[in-house]
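Trainee: Sequence:
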Amino acid sequence: MLAIDSSTIKTGIAIFNNGDYQESLLLDCSNFKNMEDRFKEMSLKLIHILDTYKPYIIYIEETVVNRNVAVQRFLTRLQGVIYGYCVLNDCEFNAIRPTSWRKLAGINQKGKKRNELKKLAIDAVYQRLGFNVGDDEAEAILIGIAALELYKLRTLV
16 MLAIDSSTIK
26 TGIAIFNNGD
36 YQESLLLDCS
46 NFKNMEDRFK
56 EMSLKLIHIL
66 DTYKPYIIYI
76 EETVVNRNVA
86 VQRFLTRLQG
96 VIYGYCVLND
106 CEFNAIRPTS
116 WRKLAGINQK
126 GKKRNELKKL
136 AIDAVYQRLG
146 FNVGDDEAEA
156 ILIGIAALEL
166 YKLRTLV
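Heads up: the sequence shown begins at 16 in the numbering used here, then just goes up one per residue.
The hints are simulated quantities; they were obtained by calculation from the structure and are not laboratory data.
Where hints are given, some of them may not hold.
Unchecked claim - Simulated DEER-style distance windows between Cβ atoms:
| hint | residue 1 | residue 2 | range |
| --- | --- | --- | --- |
| 1 | T114 | G145 | 36 to 44 angstroms |
| 2 | D138 | D43 | 18 to 26 angstroms |
| 3 | G95 | L165 | 19 to 27 angstroms |
| 4 | E51 | Y141 | 30 to 38 angstroms |
| 5 | D52 | G99 | 14 to 22 angstroms |
| 6 | K167 | N49 | 41 to 49 angstroms |
| 7 | K167 | E131 | 22 to 30 angstroms |
| 8 | Q142 | N104 | 29 to 37 angstroms |
| 9 | T170 | K48 | 24 to 32 angstroms |
| 10 | T170 | S115 | 12 to 20 angstroms |
| 11 | G126 | Y71 | 36 to 44 angstroms |
| 12 | A110 | L41 | 36 to 44 angstroms |
Claimed, not checked - Derived DSBU-like pairs (lysine-lysine); straight-line CA-CA distance at most 35 angstroms:
| hint | residue 1 | residue 2 |
| --- | --- | --- |
| 13 | K128 | K60 |
| 14 | K25 | K134 |
| 15 | K69 | K134 |
| 16 | K48 | K128 |
| 17 | K55 | K133 |
| 18 | K134 | K167 |
| 19 | K25 | K125 |
| 20 | K167 | K25 |
| 21 | K55 | K118 |
| 22 | K48 | K69 |
| 23 | K167 | K125 |
| 24 | K48 | K133 |
| 25 | K48 | K134 |
| 26 | K25 | K118 |
| 27 | K133 | K69 |
| 28 | K48 | K167 |
| 29 | K118 | K167 |
| 30 | K25 | K128 |
| 31 | K127 | K60 |
| 32 | K48 | K60 |
| 33 | K167 | K127 |
Beta carbons: idealized from backbone N, C-alpha and C, even for Gly.
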């Protein structure tokens with residue numbers, strides 16, 4: 016399973032195998048100043064990762080509508096790139112809202128601002144797995160952990 020915290024500049028990816036965390040990656044496109052160039056580069060990097068790891072399941076953070084229009088368009092198109100990969104490769108595609116994955120990962124988000132939530136994600140990964148990563152990778156890891164929690168809940172029913 017791949018869990019993705021997509022962004023217009025740095026995208027975090029977490030790889031899980033049979034429910035176990037394996038590794039995380041950071042796709043950094045900060046050297047591309049133009050949004051269209053950055054989108055193309057991020058898309059190519061993501062496709063390369065998908066082709067390399069050949070996941071059966073993908074979880075990605077759902078885009079939030081209250082962002083600026085250019086960012087919203089970028090992230091929605093990026094989801095489309097990933098969804099297209101899933102269609103062509105018989106891969107399950109799932110989008111999960113930020114509030115949902117944070118709750119499932121055990122993050123108390125009530126009243127917290129974006130920067131506080133990012134710090135909590137970094138702390139949660141350190142507490143669970145014992146190592147430090149940046150916020151993009153931390154959020155990708157926690158999206159994966161939340162996906163695993165969802166599967167556990169489904170099997171209990």
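Trainee: All hints, please: hold or fail.
Mentor: Verification of the supplied hints:
One distance hint, 36 to 44 angstroms for the beta-carbon pair T114 and G145, is violated here, with the actual separation near 26 angstroms. Hint check: D138 to D43, Cβ distance near 22 angstroms, so the stated range 18 to 26 angstroms holds. Between G95 and L165 the beta carbons are some 23 angstroms apart, a value that agrees with the proposed interval 19 to 27 angstroms. Distance hint check: the CB atoms of E51 and Y141 are about 36 angstroms apart, consistent with the given range 30 to 38 angstroms.
Distance hint check for D52 and G99: the Cβ-Cβ separation is about 20 angstroms, which falls inside the suggested range of 14 to 22 angstroms. Distance hint for K167 and N49: a CB-CB separation of about 43 angstroms, consistent with the stated range 41 to 49 angstroms. As the Cβ distance of K167 to E131 is approximately 27 angstroms, the hint placing it in 22 to 30 angstroms holds. One distance hint, 29 to 37 angstroms for the beta-carbon pair Q142 and N104, holds here, with the actual separation near 34 angstroms.
Here the CB-CB span from T170 to K48 is close to 46 angstroms, at odds with the stated 24 to 32 angstroms. Under the hint 12 to 20 angstroms, the C-beta atoms of T170 and S115, about 18 angstroms apart, fit the expected range. The beta-carbon spacing between G126 and Y71, approximately 37 angstroms, falls within the hinted interval of 36 to 44 angstroms. Distance hint check for A110 and L41: the Cβ-Cβ separation is about 21 angstroms, which falls outside the suggested range of 36 to 44 angstroms.
The suggested pairing of K128 with K60 holds, with an alpha-carbon distance near 30 angstroms, which does not exceed 35 angstroms. This hinted pair checks out: K25 and K134 have alpha carbons roughly 16 angstroms apart, not beyond 35 angstroms. For the proposed pair K69 and K134, the alpha carbon gap of about 30 angstroms is at most 35 angstroms, so the pair holds. Distance hint between K48 and K128 is fulfilled; the C-alpha atoms sit about 27 angstroms from each other, no more than 35 angstroms.
The straight-line distance between the Cα atoms of K55 and K133 is roughly 26 angstroms, inside the 35 angstroms bound, and the hint therefore holds. Restraint check: the Cα-Cα separation between K134 and K167 comes to about 26 angstroms, which is no more than 35 angstroms; the hinted pair holds. Taken as a hint, the K25 and K125 pair is honoured in the structure, with Cα atoms around 26 angstroms apart against an allowance of 35 angstroms. Straight-line distance between C-alpha atoms of K167 and K25 comes to about 30 angstroms, which keeps the hinted pair within the 35 angstroms bound.
Between K55 and K118 the CA atoms are separated by roughly 32 angstroms; this keeps the pair inside 35 angstroms, and the hint holds. For the hint pairing K48 with K69, the CA-to-CA distance comes to about 30 angstroms; that is within 35 angstroms, so the pair holds. As the CA atoms of K167 and K125 are separated by approximately 25 angstroms, the hinted pair is consistent with the 35 angstroms bound. Pair hint K48 plus K133 holds up; C-alpha atoms about 24 angstroms apart against a cutoff of 35 angstroms.
For the hint pairing K48 with K134, the CA-to-CA distance comes to about 26 angstroms; that is within 35 angstroms, so the pair holds. Taking the CA atoms of K25 and K118, the gap is about 23 angstroms. The hint holds against a cut of 35 angstroms. Distance check on the hinted pair: K133 and K69 sit about 28 angstroms apart at the alpha-carbon level, within 35 angstroms; holds. For the hint linking K48 to K167, the alpha-carbon distance of about 42 angstroms lies beyond 35 angstroms, and the restraint is violated.
A C-alpha spacing of about 15 angstroms is found between K118 and K167, which places the hinted pair at or below 35 angstroms, so the restraint holds. Proposed proximity of K25 and K128 is supported: the alpha carbons are some 20 angstroms apart, at most 35 angstroms. Using a Cα cut-off of 35 angstroms, the hinted pair K127 and K60 holds, with the two alpha carbons roughly 32 angstroms apart. Simply put, K48 and K60 have alpha-carbon atoms about 16 angstroms apart, close enough for the 35 angstroms limit, and the pair holds.
A distance of roughly 27 angstroms separates the Cα atoms of K167 and K127; the hinted pair therefore holds under the 35 angstroms criterion.
Going down the numbered hints, you'll see the structure goes against 1, 9, 12 and 28, while the others check out.
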